[in-house]
Amino acid sequence: MTLVLAGSLLAGCSAKGADDGSSRRTASPAHTDSPKAAAPPSGGSSAAPAFTPDADLVPRTAKDGRELADSVVFAPRDWGRGYVAQDPAASAQGTWPALDRDCRWERQKLPRGVLASLSRYSRQPAGGGKGEVKVTAAATVHSAALGADEQLSTTLEEALRCPEQQPRSGERITGLNSLGTPFGAREQEYADDSVLEAGQYVGKGGTAQPYLWMVARSGTVVVAVSVTGGKGHTQEELLPLGSNALAKMLVRVQQQLKEK
Amino acid sequence: MEPLRTSDPSRLAGHRLLGRLGAGGMGVVYLARSAGGALVALKVIQAEYAEDAGFRERFRREAETARRMTSPWVAALVDADPEAVQPWLATAFVPGPSLGEAVAAHGPLPLRSLRVLGARLAEALRDLHAVGLVHRDVKPGNVLLALDGPRLIDFGVARDPQDTSLTSTGVVVGTPGFLAPEQARGEREAGPAGDVFSLGCVLAHAAAGRPPFGTGSLDALLYRTVHDAPDLDGVPQQLAEVVRRCLEKDPRLRPTAEALSQTLAAEPADPREILRAVRPPAPGDAEPGDEAWLPEPLIRLIAERSAAGLTLPAVDDTEVDSEPSGATTPDEPAGQPSDRAVARRRFLVVTGGAVTVTAAGGLAAWAALGGDGGGNGSAAPTATGPVHTIGLHADLSGDHRTAGRAQERGLRLAVDEFNSRAARPFTLAVRTVDDGGDPARADAAAERLVADPSVLAVIGPTTDDTARAALATYDAASLPLVAVSPGATVLSVMGSRSFLHARVTDTVLPFYLKAYLLGAAKSRTIGIVDDRAADAYAWEISSSLSRTLHQDRQPVVPKVVSALRKDFGPTLDALLDGGADSVVFAGYHDRAALLARELKHRGFPGARAAAQGVLDDRFLSAAGDAADGWVIVAPVMDASVAPEAKAFASAYRRRFHAAPERYAVEAYDVARLIVRTLSGPAAGRVTRQSLTAALRAASYQGITKNFAFDKKTGSLVIDARGVYLWKVDGGRFRYEGAAPLRVSG
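First to last, the sequence lines map onto chains A and B.
Numbers in the numbering used here are just positions in the first sequence, counted from 1, shifted up by 11.
Numbers in the numbering used here are just positions in the second sequence, counted from 1, shifted up by 689.
In isolation and in its complexed conformation, chain A is listed as follows (with noise of 0.2 Å):
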């Protein structure tokens, strides 16, 4: 399971490298550059970064930070043909979710450290013999790698705490295996730290549906894909999507922090 994961991210890291030009920051030609840089030689254990930021254009404010969460997170268009907005399309500006004591989802304000986070919700309509795929992508600014990893890791210890938890009320994600893989560690060359869960979605009609949820740091940056599929939909197809995905916008958040 993560080997494919690791190996898609790769993929679509390289395959094609740079987004289409839908990022709504396009600051320089150098846009659409293959992203060499997260394609480190491999060392194994190795401490280096996958990706050495600019520290002049790494955000340190709100302002800055939601101007870069803003142009990386996916859009419905970026996902491709067919994906429209979800209602609503995207989260509250000023707060991010987090899993209460009763492993419920909520949106809360921003903690201290916290400098944005935006979420864009959209989905695939049913077609073709398929049910819909909800898709969500995020991005989170901190103001310290520290606290980014802290995402991460937070993000493994829900799993740890709530083996079921409760994204709105009627729905459960449940079965949920988890597994962080640095830097370095099983072939993971694309990010500083990554995440991968994979369990099952159960809506309100009662019906499984595989679920996933991928997160990819990149020095202050948390960015994050969730993939839901409906009936028709399998895990082995879901994950391609949710890794492309996650990797696109992992070139976003490095062509918009690597050196001029």
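Every clue listed holds true.
Below, in silico cross-link-like pairs of lysine-lysine (DSSO-like), each with a Cα-Cα straight-line distance of 30 Å or less:
1. Lys1335(B) with Lys1416(B)
2. Lys74(A) with Lys269(A)
3. Lys271(A) with Lys74(A)
4. Lys1416(B) with Lys1255(B)
5. Lys1255(B) with Lys120(A)
6. Lys269(A) with Lys1255(B)
Selected chain B positions facing chain A (Cβ under 10 Å, derived; list incomplete):
7. Arg1157
8. Val1179
9. Asp1219
10. Ala1222
11. Asp1224
12. Trp1228
13. Ser1232
14. Leu1234
15. Arg1236
16. Val1246
17. Pro1247
18. Ala1252
19. Arg1254
Don't read these hints as lab results, they were simulated from the structure.
Yeah, the Cβ is synthetic: ideal placement off N, Cα and C, and Gly gets one too.
Place chain B on chain A using the hints.
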């Protein structure tokens, strides 16, 4: 030896080529049979060198000199043709093993062997230097062991001087680690004093089991050779001073080979030692026994190689009869299969005994001939059957060297015990490879064992990461790999067909942790600290523990700590906030010490527990008295006190003069399992593949646990045995015996 390639000729200059012994920049070295019937090492120079008139002239001069030189400890020059289109030279074939192989397989040589080795190699160099030759590449691989003493091979003839010095492009082609500093610096053409320096390195290596300037990258080696004092730890003090003088940086301060040979020969103060060390080899002297210059396992290894050499000419039976059977080569060393023996075997071929002799090969053939050769002292070892090798793939020099070396000792003890039996179907040897705990080196280490056809099974590697890195290589060669210390579950789900996991995985340990905490420690709410610095190891423990507690509807407070975090203060705040009254640390010893100190600082009254990642003396030293009371659950027995291991411990103390270290008895158990399986009904026809299947099907009651495996995955069948408790008490790990799997009291 490698088979001939299709591009190789089958005959060359009147020699029949039998196989390839090696290849280098200058050409290829073949094993060949001379027209006279002797086995020789035939070095054939590439034509491009031959075009250089200067080279040909030097070759001719050196070959003539070498022909005049007769030293019993140098593989003699049998013939040479400097005028041929492809110039060649033939030296007497010594079947080996090399000193390098011997040390890798059997560890450092004892003092008596070292003296004989040193004295005879010094004599060899003295004889070379006396006629004006310089070897230029004295190293363990160029010293072959025979029953009566060492043989120096590949002496300076026909070697490009550039081979062993720093070339203009800054590349060293020779053998760094055994080069003199003046050679390493490329300052001058190597002189006799360079050979003496190299001999010092060879002796230090044979005495300590590792080269005196270490191993590793070329730059570091050369730097250390030029600037650092040699590391002579492990060299017996009686030899250390002599070796140190050989290793003087200034060539003028080193003894000459002549002086060295006298010093080493005169060294022993005990008259009996003198007798043993310098008595000239006599016919019949090669019997493994009191007079043998090498330890018994090495004598066996030599005998086996010699016997293998004996069977070689059988590959071309058609020629057998046409050879003049009485031909001998005067220079042939005593330790080699004599021509008479070869001729005798040919006779057997012709008369129809051939099939059995050839098929049995190895020592059986040798033993069969020994009776015939009797009078002329053909060395007939008492061993019966072939030599099988058990490999040890371990971290012997890195972060986990303590565990790696303990496994080596456990294995060696089991092998020695087996070899000491008079009636045994085969003889066992050990071959070790060291990956330094570095996953990037693990694969190359595995390749070395895979390439040795006598290796039928491997114990190791030492860590999760090195095991993971090497797994595919062993799998591809169907070489059984039995892991004693790694605990990662992923190892048995990677689909390897030759892997056996000889311990429970890390995901099983939490059941024992739970039993201890809820039982003896009376905890009600278990707190878990998962340290991401310990990556997958931590996650196996934390996720398995929290899952089983959730299933039991037991309260649990998990915390996952970023690898970037240096203090555990906020983590503890959150744990206490959540009501945890005990802590399980899922991580390694170094950061466990940080947590231990923080817990102590706060006066935390609850139980503290961890798995084998904290069972490390460095935890004790880093945590100080904050370590007291920590309980470790680990698949490791303390064989120095466990009643079940009493016999093992006393044998271990006799053999190594030390109490058994952690993981020694676990490796011993596995070695015994392998030995027992090898001795099974199919003993005569064991292959790596059949051994894998037999091991996976085996059931064996060891000292530490019961061994039985899943036939598909090689994972250990779990029963209650094999996991033990340790408790830190007064600054040391105190063994508490078998860990209970059920909550008691």
